[in-house]
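**Q** These are the residues of each chain, in order.
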Amino acid sequence: MKGWQRPEKPPSRQPVLPGLFSPPKTRRLATPGEQALETARVRLVFVALVFTLAWVVLAGRLAYLTLSGSPSDFQNDRTATGEAPARRADITDRNGNIMATSLPTVSVCADDKSIINPDEAAKELLAILPDLDPTRLNDALHGDKYCAMIKRHLTPHQYYEVNKLGIAGIEFRPDEHRLYPADNLSAHIVGYTDIDDNGIAGIEKSMDARLENDPDPLALSIDLRVQGIVRHELAQAMSDFNAQAAAGLVMDIHTGELLSLVSLPDFDPNHAGDATPDQRFNRATQGVYEMGSTFKIFNTALALDSGFVHMGDMFDTRKPPEIGHHKIRDFEEEGRPMNVAEIFVHSSNIGSALMAERFGPERQRAFFERMGLTEKLSLEIPEVGAPLIPSAHDWNETTMLAAAFGHGIAVNAVQLAGAVATIVNNGIPVHPTLLKKTGDADNGDQGTAAVISPRTSALIRAMMRLVVTRGTAKFADVPGYMVAGKTGTADKIGANHHYEDNARVSSFIGVFPVNAPRYLVFALLDDPKGNAKTHGYATAGWTAAPTIARIVAQIGPLLDLPPLTKADVAAADEKLLQPLGNLTVDGVPVEEGDGYASVKPDGAE
Amino acid sequence: MSKSYPSMLSWFGLVLAASLMLYHTSDRVNALSRQLDSLNAQIADAQETRHVLTADWAYLSNPARLIADIQAAHVDLQPTPPKDVITASPEIMASLLPLRGASPAAGPTTRIASAAPAIMHDVAPAPAAPAAVARVATATRRHDRVFASINSGYVNDHMVMQHSSAAQAGTGNDAIGVLIDQLTIKP
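Residue numbers (numbering that gives the first Met the number 0), protein chains in the order written: chain W, 0 to 604; chain C, 0 to 186.
Excised from the complex, chain W in its bound form (with noise of 0.2 Å):
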């Protein structure tokens, strides 16, 4: 077309009107040249408004958090928190010392379908790995299995070997191996895992599932210290009189939290597998033995705290109640009426039994039922032994006059640490633990009523300490430590039901400092036999007692008790003895003591 010519405006017919109301200016249409350009400008507007919001956007969001953002905003979980990786939680003694720990480790295995020569792979991991089984090797490299194990946590130096090799298709997967630090001592009560880190005893069991939730590491109440103190020195007894078995511990008073539990003989738990099933049985707590003389604590406590016998009532000796057809009989026969004091001291079983005959049977089990021995001991392990113990219906006064001198009942020896500390605590109940308790564990128990009064409890205090100064463990007192305790020797039953002659259970359990109770120990010796140095003799003074001092003396000044001076000591025992009044043993008064009453001017020993 030839050019186009704006054609002529033809004349308007309408009036010329002032601003706003003029009508509106006609308008060409726009070239094809104008349109693009307007709709290429069009969409540049467009496109420029939308990348202006994007970066006001952007520019009103930074100057926010510059200006209000708190430093948490900040944060990415990208930085490490110091926190150790997810892995099964340590358990450590009281004092932070480890018992169990995981070490990351590394496992190998197999790859088999990118082993290109499996052969070969065998041989160099052989060398490397000289404990490996050849045909299981070549069984795992030449299998189908996406992973097929060759050899779980394998050492650092192991790892670097193999990676080093360069197999295709030897894969690493990241373990972990449990590592019991502290090996003998810490077996019967951690116990072990399998290979898959599950429990299978001790602690690692029955804290299973707190272990593997919480990274927290487990505290346990034991004391490594002391617990490698008790260790060795019921070693020592148990080669020294050639012992079968040995169990300890030490317990403190207050809190009923186990320092030590020992059991021997024992195993290494990194090597569990090789230990044999006499060596993982705790005869601490799993053994239940009948405890003997020991019971007399509970006799004395029992007979005093019913208002049945009091302190200067006499029982003759010479008339002994029967059991069956058998007199009871003492290992040491006095032949003489004894007072309450004497029977203890000189660990009658005659003057137990009559004491028994005043309160009678009933009272005797419910006394027992109080004392928590009835009942099977619960403990953070599961390794516990049930009482044997005659039901309420069997019992008789034959059963009454046994339990009197500690036979026909067999606890475990944490159960009887419990209801002796409990009658040493003027009564109030002490719950073993092995778990360390935090904070103020003693005010819960303050409103728990006291299970004897705690005049009976210093009686039997002070009777203790008798036993230590005057009776049959003087080899079991320690210079500087106020130790008082209770033997017992108890006959062993044979395999025929019978109680043998010559095999025997000598314990002790003792407390010190007994003026102010803070610890519980307590040492077994299963058949010991007497030596050249014992003058043949196995009763429990004469094995155990002098065990359990060596151990006190050690123990004492770890445990923050420092030693008394005489002069301490004989002030202590004055006071300790005043509940007994003017009582006599052997004809001489309580409270003119055997060595402590005298100290010289200088302070020389």
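Simulated from the structure, these hints should not be mistaken for lab results. Among the hints, a few may not be true.
[To be verified] No more than 16 Å apart at the CA atoms, straight line, and that leaves these computed lysine to aspartate or glutamate pairs for EDC-like:
#1 Lys82(C) to Asp110(W)
#2 Lys532(W) to Asp239(W)
#3 Lys318(W) to Glu331(W)
#4 Lys150(W) to Asp207(W)
#5 Lys318(W) to Glu332(W)
#6 Lys150(W) to Asp110(W)
#7 Lys565(W) to Asp83(C)
#8 Lys150(W) to Asp182(W)
#9 Lys82(C) to Asp567(W)
Keep in mind the model is a prediction, meaning the values are calculated, not measured.
We have chain W; now place chain C onto it with these hints.
**A** Below, chain C without anything else, positioned relative to chain W:
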């Protein structure tokens, strides 16, 4: 559109500056982020190493190992009998440890006798002072067997230090801390 080169140029300049700043900041953030990752890896490594070393130390500090192997094989040490354990009050510790400026005296006994009174009237309450001096005198006559200990709770620390019961009951504050202050403050 009007052709205004100056304003277009300035807008271009602004865009250039803004993008330069943006990329510079982004690059710095990336560098810091890489550094952060590297540090995190180092931290994790150090934690694992510490864990393994703690386990190793626990194994070496095993009391059974210490008592049996080291005692028997290397040193002829026996357990300390309680009568050789003394309680360490500030007076006793000050008299046993040499103080700066204290004149060396003739023998151990006389040094104790001369030093102890000088210290004692710096420490405010000194109950049972004669008994303390007597105890120290007894101990130093056999000073080769005196064994002061610190109750730290760790198995390879066979040192147990006990505050004297008198000092604990009387002052109620840290007796050993008082002693340490005195040792450092005294000229």
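**Q** Has the given pair, Lys150(W) with Asp110(W), been kept, meaning a C-alpha gap of at most 16 Å?
**A** holds (13 Å)
**Q** Below or equal to 16 Å on CA atoms is what counts here, so check Lys318(W) against Glu332(W).
**A** holds (12 Å)
**Q** Does Lys150(W) pair with Asp182(W) here, judged by a C-alpha cut-off of 16 Å?
**A** violated (24 Å)
**Q** Quick one, are Lys82(C) and Asp110(W) close enough, alpha carbons at most 16 Å?
**A** Violated. Lys82(C) to Asp110(W) sits at ~67 Å, over the 16 Å cutoff.
**Q** Are Lys532(W) and Asp239(W) close enough, with their CA atoms no more than 16 Å apart?
**A** With Cα atoms ~10 Å apart, Lys532(W) and Asp239(W) stay inside 16 Å; holds.
**Q** When you check the alpha-carbon spacing of Lys150(W) and Asp207(W), does it fall within 16 Å?
**A** violated (25 Å)
**Q** Would the pair Lys565(W) and Asp83(C) pass a check requiring their Cα atoms to be no farther apart than 16 Å?
**A** holds (13 Å)
**Q** Hint check: Lys82(C) vs Asp567(W), CA-CA at most 16 Å. Holds or violated?
**A** The given pair, whose Cα atoms are some 13 Å apart, holds under the 16 Å limit.
**Q** Within a Cα-Cα threshold of 16 Å, do Lys318(W) and Glu331(W) meet the stated pairing?
**A** holds (15 Å)
Going through the hint list in order, the structure does not satisfy hints 1, 4, 8.
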